[in-house]
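Engineer: Sequence:
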Amino acid sequence: MAGVAGSGALVATLLHGRTVLLWPSASWLLTAALTWAVTSGLWWLGAWKDLTPNPSPCRRGEVHRPSTWQRWRAAAWPSLLLVPGALAAVAAYVDDGSNHLLALHAPARKQLLAYTAAMYLVGQAAFWVRNWAARRNWPSSRQALPAVALAVAAAAYVNAALFMHWVPPQTDLLVNLRGARELLAGGLPYNDHMPVWADRVHMLPVTLLVLFAPLAQLPDAPARLVFFLANQAVWLAAMGMLVRRLVAPEARLGAYAGLLALGATFWPWQEAIRFGQQDGLLILLFGLSITAALAGKPVQSGVTLGLAFVVKPLSIWLPLVYLVHGRWRALFVAGATAGAIIVASLPFTGLEPWLHFVRVEVPEMLPGTVRGTNIPLPSLHARLFVGRERLSDGDPAPVLGVISALNTATNLLGLVLVARLALRRTAHAAAREREWLLDAGIGLALTLLLAPMAWQHYASWLIIAFLVLALPSVWQPMSLPARTAMGGCAGLGFLLLSLEDARLLRLMTSMVERWPGALSLYAVGLVCVLAALLVARFAATAPVPAVPADA
Numbered sequence: 011m012a013g014v015a016g017s018g019a020l021v022a023t024l025l026h027g028r029t030v031l032l033w034p035s036a037s038w039l040l041t042a043a044l045t046w047a048v049t050s051g052l053w054w055l056g057a058w059k060d061l062t063p064n065p066s067p068c069r070r071g072e073v074h075r076p077s078t079w080q081r082w083r084a085a086a087w088p089s090l091l092l093v094p095g096a097l098a099a100v101a102a103y104v105d106d107g108s109n110h111l112l113a114l115h116a117p118a119r120k121q122l123l124a125y126t127a128a129m130y131l132v133g134q135a136a137f138w139v140r141n142w143a144a145r146r147n148w149p150s151s152r153q154a155l156p157a158v159a160l161a162v163a164a165a166a167y168v169n170a171a172l173f174m175h176w177v178p179p180q181t182d183l184l185v186n187l188r189g190a191r192e193l194l195a196g197g198l199p200y201n202d203h204m205p206v207w208a209d210r211v212h213m214l215p216v217t218l219l220v221l222f223a224p225l226a227q228l229p230d231a232p233a234r235l236v237f238f239l240a241n242q243a244v245w246l247a248a249m250g251m252l253v254r255r256l257v258a259p260e261a262r263l264g265a266y267a268g269l270l271a272l273g274a275t276f277w278p279w280q281e282a283i284r285f286g287q288q289d290g291l292l293i294l295l296f297g298l299s300i301t302a303a304l305a306g307k308p309v310q311s312g313v314t315l316g317l318a319f320v321v322k323p324l325s326i327w328l329p330l331v332y333l334v335h336g337r338w339r340a341l342f343v344a345g346a347t348a349g350a351i352i353v354a355s356l357p358f359t360g361l362e363p364w365l366h367f368v369r370v371e372v373p374e375m376l377p378g379t380v381r382g383t384n385i386p387l388p389s390l391h392a393r394l395f396v397g398r399e400r401l402s403d404g405d406p407a408p409v410l411g412v413i414s415a416l417n418t419a420t421n422l423l424g425l426v427l428v429a430r431l432a433l434r435r436t437a438h439a440a441a442r443e444r445e446w447l448l449d450a451g452i453g454l455a456l457t458l459l460l461a462p463m464a465w466q467h468y469a470s471w472l473i474i475a476f477l478v479l480a481l482p483s484v485w486q487p488m489s490l491p492a493r494t495a496m497g498g499c500a501g502l503g504f505l506l507l508s509l510e511d512a513r514l515l516r517l518m519t520s521m522v523e524r525w526p527g528a529l530s531l532y533a534v535g536l537v538c539v540l541a542a543l544l545v546a547r548f549a550a551t552a553p554v555p556a557v558p559a560d561a
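So in my numbering, the last spot in the sequence shown is 561, and the numbers never skip.
Simulated from the structure, these hints should not be mistaken for lab results. Since we're looking at a predicted model, the values are computed, not measured. Please note: incorrect hints may appear among the correct ones.
Said to hold, decoys possible - With beta-carbon atoms standing in for the labels, derived distance ranges:
| hint | residue 1 | residue 2 | range |
| --- | --- | --- | --- |
| 1 | T551 | W364 | 50 to 56 Å |
| 2 | A86 | L44 | 18 to 24 Å |
| 3 | T275 | D403 | 27 to 33 Å |
| 4 | W54 | H438 | 43 to 49 Å |
| 5 | V353 | P491 | 50 to 56 Å |
Think of the CB as a built atom: it goes at the ideal place given N, C-alpha and C, for glycine as much as any other residue.
Given only the sequences and the hints, what does the whole structure look like? Please build it.
Structural biologist: Structure representation (structure tokens):
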């Protein structure tokens with residue numbers, strides 16, 4: 011009661027100044043009354059709602075329900091956090107100097123008011139969340155570690171992905187916004203006067219129209235903020251969706267914690283945030299498509315895969331995995347979805363940007379680049395035949411017969427691997443689910459490994475593969491040596507793909523001066539992740555547990 015009563019006096023005093031308590035002003039009384047009404051109303055609401063957990067049985071088999079007094083007492087503790095403010099209100103009427111400070115220093119009054127309100131709101135939030143949680147049927151658990159790990163991982167993610175970046179420069183986003191504005195104005199968005207791998211638009215006209223044109227209506231500063239927050243939101247939505255669809259309920263807290271920790275430490279995702287790349291949306295679309303196919307929903311799988319094609323055109327490797335698993339309908343729906351969006355965009359884009367993209371942009375992009383942050387194997391092959399000075403320019407990679415031969419050979423090996431996946435399929439339902447998830451991860455890894463161009467932030471898509479490798483249905487059927495090999499390859503791949511490029515170049519300067527191909531640790535990281543997936547795919551020796559259904 012003291013806290014509730016004192017809260018009115020405090021708020022009225024801070025807003026209207028100190029007055030004689032015997033003759034308060036009308037505004038003072040009105041403010042105090044409104045404050046008392048709010049704090050008393052929340053107390054009454056908490057006591058009126060029977061929010062206590064399941065009532066305990068009595069000895070005679072009757073059910074004991076809390077009395078009115080017990081409910082009022084249980085709902086009173088958030089009001090205790092008003093007691094410091096109430097005492098501050100009393101102190102404001104004591105002539106010790108603090109009253110003059112409150113009367114003359116407006117920031118002190120505002121800060122004291124905000125401090126008291128924040129304490130009270132935190133107490134109310136804790137009260138209602140606690141009682142909401144007490145009324146739900148949660149899976150029983152005797153371990154607090156997953157909840158603590160989730161809290162720590164969430165804090166680490168907020169620090170690494172939000173606080174440390176707020177608000178990132180997002181240079182790639184600004185390039186695409188300029189391209190979208192040019193497209194909306196009826197011009198060509200492709201600034202061909204610049205080197206192809208400099209700050210130049212590489213998006214399809216339909217991608218600029220659908221994804222960036224709405225943001226292009228805003229000035230750059232608000233557009234950067236909206237994209238930054240939206241990218242975080244869709245990434246978190248993707249993680250939640252993957253956990254709900256792939257992880258058993260009793261293990262979900264640990265899975266959430268692991269994914270948040272991964273997002274906080276995996277450099278490709280941090281780089282996607284920094285440059286303003288739409289990788290959060292791509293992870294969501296890939297995850298939706300893969301898990302929908304797992305659940306036998308080809309239309310949903312195809313629609314989301316088709317949307318991914320529009321957001322970022324892909325090479326053949328992930329669609330080949332769908333083909334190997336007989337998911338024709340999903341592929342047909344994906345093609346129809348992407349085609350329908352492209353046709354619908356033509357009245358807004360016209361044909362000229364498309365013709366220019368096909369005739370000019372694609373031929374210049376196909377050779378790829380030898381820049382240090384281009385991570386596929388073709389970039390390694392090209393670096394073997396260039397000098398150190400080429401590693402930072404914006405020109406296409408050289409087109410030489412020996413480079414083409416190396417690229418052709420690795421693509422043939424990729425086709426052999428996909429054929430091997432097709433031949434090593436089992437009839438057992440649980441095993442086929444496991445194989446589908448691993449093969450989808452292999453398709454993503456091959457997409458990055460064998461493409462002519464894939465920047466380091468593209469590797470953030472492999473978060474899906476890392477989650478798949480951590481599923482019990484994946485690692486339980488394997489022997490201890492196979493698990494060790496899988497974990498070692500996955501960990502090494504994670505490390506190599508997370509190396510920051512500028513720091514890596516400084517550390518390897520002397521070696522790169524002599525052998526530019528040494529700046530290809532990212533390609534090695536992709537090979538390691540692919541190796542981990544292959545070990546898991548072919549090393550199962552025990553019965554495969556079923557993948558949990560979406561709850």
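Engineer: Decide, hint by hint, whether the structure agrees.
Structural biologist: Now the hints, each set against the structure:
1. T551 - W364: 50 to 56 Å: Roughly 51 Å apart at Cβ, these two residues keep to the hinted range, so it holds.
2. A86 - L44: 18 to 24 Å: Because 21 Å falls inside the window, the suggested range holds.
3. T275 - D403: 27 to 33 Å: Check passed, 31 Å falls within 27 to 33 Å.
4. W54 - H438: 43 to 49 Å: 60 Å, violated
5. V353 - P491: 50 to 56 Å: 53 Å, holds
Hint compliance for this structure: hint 4 is the single one not met.
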